[in-house]
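Asks: Each chain is listed here by its residues.
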Amino acid sequence: MKRRDFIYLSGVGFGALMLPNMELFGNPIDPLAALNDGMDVGLKKQIADIAMNAAKSKGATYADVRIGRYLNQFVITRENRVQNVANTESFGVGIRVIANGCWGFAASNNVTKDEVAKTAERAVAVAKANAKIQGTPVELAPQKGFGEVSWKTPIEKNPFEVPVQEKTDLLLAVNAEAKNGGANFVNSMLFSINEQKYFASTDGSYIDQDIHRIYPSFVVTKIDKTSGKFQTRRSLSSPMGMGYEYLTPKEEEKVKGIVTRYKQRYDIMEDVKNATKDAAEKISAKSVEPGKYDLILDPSHLWLTIHESVGHPTELDRVLGYEANYAGTSFLTLDKWQSKKFNFGNKLVNVVADKTQPGSLGAVGYDDEGVQCGKWDLIKDGVLVNYQAIRDQAHIIGLDHSQGCCYAQSWQDVQFQRMPNVSLQPGKEKRSVDDMIKNVEKGIYIVGDGSFSIDQQRYNFQFGGQTFYEIKQGKIVGMLNDVAYQANTQEFWNSCTDLADASDYRLGGAFNDGKGQPGQSNAVSHGCPTTRFNGVNVINTARKI
Amino acid sequence: MAILTKEAAQALLKKVLTYSKADECEATLSGTEGGNIRYARNAVSTAGDVSTLNLSVSSRFGKKSAFSTINEFDDASLQKVVSRSEELAKLAPENPEVMPMLGPSDFKEAITYVPATAAMTPDTRAELVSKSIIAAKEAKLEAAGFLENSNGFTAVMNSKGLFAYNKSTDVIFSVTTRNQAGTGSGYAARGFNDVNKLDTLTATKIAASKANGSINAKAIEPGKYTVILEPVAATYMLENMFRGFDARSADEGRSFMSKPGGGTRLGEKLMDEQVTIYSDPFNPDMPAPTWNSEGQPLEKINWIDKGVVKNLAYSRYWAQQKNVKPVPGPSNVIMQGGSASLEELIKSTEKGILVSRLWYIRMVDPQTLLLTGLTRDGTFYIENGKIQFPIKNMRFNESPVIMLNNIEALGKAERSISVESYRSYLIPPMKIRDFTFTSLSDAV
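For the protein sequence lines, the chains are G and V, in the order given. If you're matching positions, the first sequence starts at 1 in UniProt numbering and goes up one per residue. If you're matching positions, the second sequence starts at 1 in UniProt numbering and goes up one per residue.
Check each hint, because a few of them may be wrong.
Said to hold, decoys possible - Here are the computed lysine to any residue pairs in the SDA-like style, where the Cα-Cα straight-line distance is at most 20 Å:
1. V:K224 <-> V:F389
2. G:K118 <-> V:V50
3. G:K225 <-> V:R41
4. G:K132 <-> V:G35
5. G:K132 <-> V:K259
6. G:K286 <-> G:E470
7. V:K386 <-> V:E343
8. V:K64 <-> G:P163
9. G:K544 <-> V:F389
10. G:K544 <-> V:G244
11. V:K21 <-> G:D30
12. V:K131 <-> G:Q134
13. G:K179 <-> G:D30
14. V:K15 <-> V:T112
15. V:K412 <-> V:G262
16. V:K259 <-> G:S227
17. G:K544 <-> V:I402
18. V:K64 <-> G:V164
19. V:K306 <-> V:G338
20. G:K229 <-> V:K306
21. V:K259 <-> G:A542
22. G:K229 <-> V:G338
23. G:K475 <-> G:K544
24. G:K225 <-> V:K259
25. V:K64 <-> G:K286
26. G:K128 <-> V:V50
27. V:K90 <-> G:E470
28. V:K392 <-> V:N212
29. G:K225 <-> V:R265
30. G:K544 <-> V:G263
Claimed, not checked - Pair by pair, the computed Cβ-Cβ distance ranges are:
31. G:E270 <-> V:I220: 45 to 51 Å
32. G:G145 <-> V:I220: 56 to 62 Å
33. G:E166 <-> V:E72: 29 to 35 Å
Please keep in mind that the hints were generated in silico from the structure rather than gathered at the bench. In this text, a Cβ means the ideal position worked out from N, Cα and C, and glycines have one as well.
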């Protein structure tokens, strides 16, 4: 498959987040070649030392070297056919330096002793050229060296060791289930990633990491030929920082209710059966009456609202204006944080940033500038208390250390501030979803994420979903169609009145959160329990052409 | 050197094909040289310089197909990439949609290459950016922007005798200027094949005047308004529709081009008769390659002609299924404009809104192509033919199909880039009645 085709496919079929020009593809390889060990860690250290010495000898005051091997596998099917199986490998080195107080970066796919020295010199030359039009010199938060350390995603089954045949068989079985249930079309896909990253810096760190992510997904389409109407229902799976074990169902990882939803294990066969029924029901569902509703939002939906309305505005680079020309700035300006009383949401609202959460997409031992990862509060009892920062930003918010939010999508891209997992904490008291629905007079229960859009400072947003259930006098009375809700971030989070307890807490997430110019993608998870928001404005999205 | 001449590329590809043992083999050689500068807060934040030369080899055994890539060009490496693609093809599952490779064709030479753009260096990039920063500082604003240039070639040859070569250059520039208080913001974006057409100083001055002109914006009630969309706003709005000129999804019943009861909307009048949308690789303002990755020649083709759906793209597989001639997808997209200037469009407006830019557009309903998004970086209220005052940004929910039925007037088409994909289009400013805004935003 050619790269452009994949982007087109993702754009139309798989509802990825803002998709930048993805550079995820490397050289196609035999699936078995993915299991080779790659370059020896001792050799990586030698090469990194050569690069750092070359940079310093040309005048760099700081240098870091990232030697990366990025493996991807896509298995893509529709109905009864395998459309594509692609295995790719990308290997190279990215070198970042500070010279004359300015950043410089260069990369090469030729990871040899001679070539890395030249690449390091190029990075210094770029820094010196840019220093001529640079404003304030870079100020790095101190970071101790960790010596030689390593970290691995704790997986049970390496997806790259599972034969391709097993994967195509599974996806074709998923498609057959949908077709047998009456679906007109079904697309399914399994995406596996392995980042083998080696980081070294002049601070004295040599960090070797092995990171896995997996994402199974499908879309079922049902068409009513006479009316010309069509409806889709996407899988309720999440991309996870896990191995192939995610696809082994476990009863205790299921959340039963109006439809089964999933925690750290996914039952794709069960979900496709439900999706096929849902798609058919959506065709004849009632069109929503616009107005104010109390919303009960499932984690499979709410993760995206958290991502857009809490995750992005607390990114410090946006607050400072570095993303002004593309992703935008933020309404959470420094004065609001300094006041220590900016009322972001209801006091029930507690949001944490966490790069250590098991199973999450953002979980790593160390970030891409050698900072050990941790957990911190962003919103505490409804008040804005912190941001997401990296080494050259920490001093701006009075921190003496980085929060470990630095990431580059590959060896050939420069690392910059990216979102950690940002999650809404569950309610402290015992509370089930049924208890929550019982108290709603006029409401809508939304499962799954759909259309999403938010302004460049993250005030005004609009979200759709996968399935919408009407709640009347504490009971679910049927499915609705054409639903989207619009709100202002601060008003929305202040209208939060009820949270389910920890037993309902689940992760959602995105493989392709886009930011930067040229664009880079970042994988990030968002956890939350089912949550209630009162009096939210719902519009009807039906039109006729 | 990442850029090979036609002769050098041809010789290399010929050699690659001699190593093939597959039923069919195709080799594609592509090279790019270029770089970028990103700046924010009136200073450079990141910069890069990129040069790549890549060979991709696709091998087929019956309906089994795979490709492999390499960036080393000694004989052993060339043999390795061919044999690896053959091994992968043997392992691949059969794909019934694989079509036989195409034979030779007489491709016309494209006009996509401009030597001045190819000659750009890190210094010329820095100079263009420094002009932008100076203009921002003079207007007492902070600029954040991005400049990227590329010079590339692609050559393809296959075992059926096809050979094609194309060179192209491109430069894109975008800038956002904001005041210190964060109460005003303006934007400009430009894209050209020819860097001589890029004036970063003037573009930044336009962004600056939008920024300073948008301070103290007033709120107006959301609802249906006559809007004038500047080309950069119209381009982003219409880009989603251009992706939908595809026969297969229409035939399958899952596109806005599907006809109720089955089939496509081909031949149906779907929009106002002022709407003509076409592709033309030889348009001097918007040149495009004259062949695509399938080896099909690209010619001028109308998609919408005076509001009527004239053509949909048929992949070679789908054309065979439907027993029609294949129609390659758009090489570029051009919407025919009128003769009015933006000023004249404003002058002829009794009450309306001037929209400088749109942002974060996403599909709400693919059946009707209903989109949502927001205005950004300069939204102004017009009354009695004059801009009266800046207004706060608003969210819209509107379908480009409905919008193109509500055209009051079109201005002169100009080259503009999509603020999300960075692709260039030739699109006129347009005056549209009954454009639907659904809520206010506090964003600046």
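Asks: Tell me, which hint numbers fail for this structure?
Replies: Numbers 3, 5, 9, 13, 14, 15, 20, 22, 23, 25, 27 - these are the hints that the structure violates, sorted from lowest upward.
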